[in-house]
Every structure is written in structure tokens, then in C-alpha cells.
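Given chain A, put chain B in place with the hints provided.
Protein chains: 2
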Amino acid sequence: MLTRADANSAEVTSIVELMAETGRKARAAARPLAIASPEVKTIALLAMAEAIERREAEILQANEQDMANGAAAGMTSALLDRLKLDEKRIAAIATSIRTIADLADPVGQIIAEWDRPNGLHIERVRTPLGVIGVIYESRPNVTADAGALCLKSGNAVILRGGSDSANSSRAIHAALVDGLEAAGLPCDAIQLVSTTDRSAVGEMLKGLNGNLDVIIPRGGKSLVARVQSEARVPVFAHLEGLCHVYIDGSADVELARKIIVNAKMRRTGVCGAAETLLVDRLIAPVHLAPMLDDLIAAGCEVRGDEEVTKLYGKANAAMEEDWSTEYLDAIISVKLVDGIDGALDHINHYSSHHTEAVIAEDRDVVERFFNEIDSAILLHNASTQFADGGEFGMGAEIGIATGKMHARGPVGVEQLTSFKYRVRGTGQIRP
Amino acid sequence: MLTRADANSAEVTSIVELMAETGRKARAAARPLAIASPEVKTIALLAMAEAIERREAEILQANEQDMANGAAAGMTSALLDRLKLDEKRIAAIATSIRTIADLADPVGQIIAEWDRPNGLHIERVRTPLGVIGVIYESRPNVTADAGALCLKSGNAVILRGGSDSANSSRAIHAALVDGLEAAGLPCDAIQLVSTTDRSAVGEMLKGLNGNLDVIIPRGGKSLVARVQSEARVPVFAHLEGLCHVYIDGSADVELARKIIVNAKMRRTGVCGAAETLLVDRLIAPVHLAPMLDDLIAAGCEVRGDEEVTKLYGKANAAMEEDWSTEYLDAIISVKLVDGIDGALDHINHYSSHHTEAVIAEDRDVVERFFNEIDSAILLHNASTQFADGGEFGMGAEIGIATGKMHARGPVGVEQLTSFKYRVRGTGQIRP
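If you read the protein sequences in the order shown, they are chains A and B. Mind the numbering: the first sequence is residues 8 to 438 in my numbering, read in order. Mind the numbering: the second sequence is residues 8 to 438 in my numbering, read in order.
Calculated cross-link-like contacts (lysine to aspartate or glutamate; reagent style DMTMM-like; alpha-carbon spacing at most 25 Å):
| no. | chain 1 | residue 1 | chain 2 | residue 2 |
| --- | --- | --- | --- | --- |
| 1 | A | Lys-265 | B | Glu-130 |
| 2 | A | Lys-32 | B | Asp-348 |
| 3 | B | Lys-265 | A | Asp-122 |
| 4 | A | Lys-265 | B | Asp-122 |
| 5 | A | Lys-213 | B | Glu-237 |
| 6 | A | Lys-317 | A | Asp-345 |
| 7 | A | Lys-213 | A | Asp-195 |
| 8 | B | Lys-213 | A | Asp-381 |
| 9 | A | Lys-32 | B | Asp-381 |
| 10 | B | Lys-32 | A | Asp-381 |
| 11 | B | Lys-213 | A | Glu-237 |
| 12 | A | Lys-32 | B | Glu-379 |
| 13 | B | Lys-91 | B | Asp-185 |
| 14 | B | Lys-265 | B | Asp-371 |
| 15 | B | Lys-265 | A | Glu-130 |
| 16 | B | Lys-213 | A | Glu-247 |
| 17 | B | Lys-32 | A | Glu-379 |
| 18 | A | Lys-213 | B | Glu-247 |
| 19 | A | Lys-32 | B | Asp-352 |
| 20 | A | Lys-213 | B | Asp-381 |
| 21 | B | Lys-32 | A | Asp-352 |
| 22 | A | Lys-265 | A | Glu-333 |
| 23 | A | Lys-213 | A | Glu-247 |
| 24 | B | Lys-32 | A | Asp-348 |
No wet-lab data here; the hints were simulated from the structure.
Bound conformation, chain A alone (with noise of 0.2 Å):
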């Protein structure tokens, strides 16, 4: 008779081997994947996203058992809103699937060429990095982007969704190797973890015998920090966007005022959210009530330092841990910094090196901030909501990262490249 603690050890052996296996299978499929021509993978682009109109009602179906799990285990109506589908959303999917189709193929790009005295012609062309993981949690369209994505890129991809989401993943996957299928493409170039057991994300980590190239985590922040901590392959992520909106004394102050609305309530829950602004003391007295009302009226709870509430009474005094906290929320942190040196010192100290603006008409202050904060994305004069991949005109994300390996920012097909050197000669050889 299996005892209890055999029948666990039988199950984590099964998971090890599971995911070992996915590992080995998504490895052989990367070599016909990184050499499949640009015009095969639009064909199974296409067929992807013809394929999740087609299998609608299936993936609504899925998508609705998702959603009375979740209800009945008591999600939070925010939670359920990411894990919902609808018409809507289904058919915003498969406009993601052929925007992506549309994008310039990446892989054999040309990304520099040069001509060696001794007549060797070197080129560093844009190839596959080869099996990419993705370890996301309820929303189920990444399931249909990063799959896509990874496609498009020559990469091979170990999609591990989230339970929440496991039966609606479940369903947009088939669609997606029915695109690979109608394409002649291997289908373990897109796989599924089955498993909804964590211990496979432990596997993945492990980076699956040296089968997994890259992990990129998509989820909040306990997730992306284990992942950061654990995974033995790099990982392209952000584990927090805490950004900063400086106004210099030089600012037009009417642009200034319009941007940091923006900046921190177009949508108050993305990474390139503002979190905290600084003000140049030189304007403060007169120009930071209309710039703080105008936040107050939009719905935001304002935290000042001493001086800010000194000026301005409709402000809550922010604690030190203000200055470090993502609120991912309808509250601003606010400080009056001693120009651009206090405004450096203080990105350079708290940053989360993910997107920081600066509003001001002085060149030199601009080309300061530029030069002197080492984050993913610097905005001059336009709201730090513009940390996206699509309005990079990148097409589509997989997320962004800060990390300065790499990828930094958002990362779209070209980042899911590695590179090689073709190097072409007529009999040269070395002295």
C-alpha cells in the first residue's frame, strides 16, 4: 500500500520528469523553429488568430468554469475583472495575434557590417535565443501573446499560466497549435504546462537541464521577486515601476500640469505610472497648489514632505517609506528637491532604474537627467504612461524589463533575439 508521503514523492518525481520532458521536447523543436522561413510563421499566425475566432464558444466556455472558481474561492472582483473573457476581449486577441504577424520577421536581420582590411566581410545577424519560458498568472491573453511573440521571434516557449486561468489558457493554447499545425510547424514549439502543481515553476527555474534560455515572469510582484531570487537563467522583468515626474523651474508650467495628471491617473495600476513628483523649490510657492489641485480634483490623495504640507494644507504627510512605495494606486508622493541636483539625488537613490520624466525648457537639465539616471526609459516633456511597447512602436510587448542585461524596456520580438557573426572570406587565413 502507497503511504501518503510515497504518494507525494511519486507525484514531485512525475513533475520533475513532466517538466524535464518539455524541456527536451521544446529544445527539438527550437532548431526547425529558429530556421522556419518569415512567411511560415505568418501562416501560423494567421491560422492562430482565425483559430481563436473559430473556437470562441470553447474558449468563453473555459473561461466561464475559470470564473465561478474564482468566485467560489472568494477572488477579489479586481482579480476576476483580468481573468474575464468576453467577445470583446476574444476578438482583441486575435488583433494582437496578427498585429504581431504583421511586424517585420526579426530573425536573419542584418544588425551591423563591416569590411576587414584583409577583404573578411562580417556581419552580426539577429537570431533565436532559443526556448523561452513565461511564467504568468491570471490574465489569459498573455497565453495568445506570448505565445505569438515568441513565434515570431524563432523562439520555442514553456508557457506556465496561472490556475486561476487554467481552463481558459487551456483553450486558447489548442488555437495556437492549430496555427502551428496548419503552418507544418513542430506543436511543442508552444507548450502548455499542464500541471497547475507550483513545483513546476520550481523545474522551470532550474532552467529544465539547460533547456530554458530565458525566464520572463508576468504577475505581480511576490512572483516576480521569487523568480528574480531563484532562477538560475537570466530573466527579463521588472519587480516594481516606481517612476518619478521631476518639474524643473524651467518648466512650461501649463505642460507640466497636464503631464502629471497623466502621468498618474490614466491609469493609476501600470508599471509606468507616476508614484512620486518633484518639485523645484524655486517654483514651488507659486505653482505647486495649482499642480496638486489639479491632482486632488482628479481623484488622487496627494503625500507631502514638511515643506509640501507647509505650502499646501490639502496634502497628507508622506513617511519615509512614501519615497520607496509603488502604490500602484490613486495616491502621489511629493517633494521640493534644490533643482536638478536634488531631483538626481534623489531618482538616483529610490529609483527602480523602470521610467522617470522631466519637465523643464533648459537643455542642460534635460541633457543631465538624460545622462546622469540610469533608468530603462527617460521621458523629456511626455507623461511616463508612454512606458509601453506598442507605443514604442514596437507592436506588441512581453513586458519590460529593467534589468541592464540584454533586454531593457520593453521587450518585443527584437529582444527575444540573440545574435551571430557571419563572417565571409575568399581564403583568408591568419598570419
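Below, chain B without anything else, positioned relative to chain A:
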């Protein structure tokens, strides 16, 4: 009274603290370094080259001490030769620093730029990586090359040389610090780890509390293997260069003979040296023997598969392990294959993803070789020994990487940079 265990534990604590402090100092130095002008960095590099020449006697004396210690410890003559400095080698170190000074400054270079329909202008700009750790063995010139390349690319560097070359490295490091001082740059921008205790390496592999952005190991396979398996930060390295040369049936045989001798025998100890020769079965009956005669005449041992030994009596029998052995010596393994398909199968199975060459006149063969092999460097009708940053026109390299992330192939100053986005607006807000 302190017990032996107490003393050991105090020592270890002090190394942990020493390395943590080294990391903090490097991070602090990285900010002024990142914004140092190209001119200031050039002043520093030229002053370093001068200081190397001025301190020649001192460096030679330190090196004599290392050589004496090495000889007393029974170091092999090959290792002693790597360690040895003389006037010519010191002059070469100074020249190498001047070459790096002359390179284009990568920091601030605009890699790409484009406009968005809403008027935003987006620039992707090169930035330093931050803090680089270089772990190396007995070659004292790595101290100077690594220090100069990291400075040129705006990075702080922590150098951890082998204990064998500790005195030489210390003397060279003093000259580098002279250069930093002459340019008014922080001395902590180039730090040499003063302890020869091995646990210092362990601390670097753990990442010095986030103060180390990338590690570059320079040395033998066991060092690289340890760094690759234990490092918690990205690593730029290659474990081995198991380079292949494939001679297609369409090859210009005279050209092939010249290249294979050069690829194998120019220098047998470098990572770009050929280790396996694959010959199209079609041309073997006529052309194999003359090719192998050339190699044997050049002093090379030939190890062939069964077909090769049958066709060519002077070949020894190759074992299975020969196909995965990087000899770094005057030995070559030789195998007949069924054209390009056979070559692709063999290389994709055994390659270390470093460098491979195809000798062929048939364009389709060349394109398949270029497309279907995922190695950092692929060459057509040229020797594998061109796998080198200098030969690529990068001026100097800190090593060759075979990973797919960030840096691949020769790692020069550009590969030691990251990037960020600068977005210039005129008041854009996101709808």
C-alpha cells in the same frame, strides 16, 4: 584565547566584509565614471600607458618575485611563460592601453532612433553596465587590458587575479591608479582584490550584494566551469572552443588545404583553433590524403573515424570522446560526412557554439551552414583563428562569449555596455 576555528571564522568574516566594501566602493565609483567625458577617459588611459612605462623596473622586479615563487612551487614551463614579463611584453601592455584609448567611446552612442506618429522622438543610447568583475589566472597583462577596457566603456571594475601573479598584478595596478588620478577619476574605479584567499572569488560569484553586474572569467576550463555553475550574476565566457572546419564537395581544394593547416596549426592553444575536420564523403577518395599529409607535415597528429583510417594509413583511430575533446594541442579529429546535412548533424551535436568554418563554393551550402548552426562565429572560406576581437576590428577584447545573452563572440568595449531609451516630447500625454 582564540582557537584555530575562531581565527578561521574571523578571517572569513573579514574577507566577506572586505569584498562587500570593495563592491560598495565600486558602485560609488561607477556613477562619476558613467558620466565622465570621452576626453577625461582618454587622458586617464594615456597616463596609464605612460605610468606602465615609467614603472617598468618596478613591474619587472615584482614579476621576478612571482617567477621565483612559481619556479619554487614547481610551476610548469608553459605556465611560467604565461607569467613572465620582459621589456617587450611591458611595452606591449602600454601599446595595448593606447590602442584602447584610440577606440571610439561607446558611451552615449545612439544605437537607434525613430519618431512616433504623436511626435515623440525615441533614441536608444549606449550606457555602461556598471560594475564588472574580472576573475583571471596567471597572465599579468589581463590586469591592464581588463582595467583599460572597463574604463573605456565607463564601467568600474573589480580585478581578482591569480595568486601566482599577485606581485606583477599589484605593480601594474599601481600604474592604472596613476592614470585614474591624473584624470581626476575615482581610484576605486579599478580595484585589485588584495587578498589571495579563494573565498574572495566565492563572494564575487554571489554578486557582492547587488554591487556586481557581470563577471568575466579569464583562464582555464576549471575556472570558467566554476564561475558558470556558481555565479548568481550574468557571466560572459566560453567554456571551450571546440571549433569545426567542414570541407564541402564544392570546395576549392587548394584553398581548403591552406585554411585547414592554418585553422589547426597557427596556434594550437587558442580557443579559435580547429579541433575537428569534417570532409564531404564525395571528395575524400581523391582529396583527403593530401589534406592530412599537410597536417602531418605541419606536426599534427591525425585521429580519424573508421572510414578515414581505411583511406589514410597514417591516421590513428578516433574514439567517441575525440569528437567532444578540445585538444588545444597539435591533434585533430577527422570524420567523413554526407555533405552539408552530415556536417550540420555532427556540428549541431558536438559544437561548443564558439566558431565553425565551411569551405565551399556552393552558395546554398554556405547559406545553410550560416543559418542552421547556432554558434557565435561562422566563417566561410577563412580560418577559424580569426575568432578574435582584434581581428574583428574591435581594437581589443576581454574574451569571447558563447552564451546567447547580451554579449556573444568577441567581447569588446561595445559589449561592455547596456543601453537606455531617451524620449523627447513636446507635452505628449497618453490618451
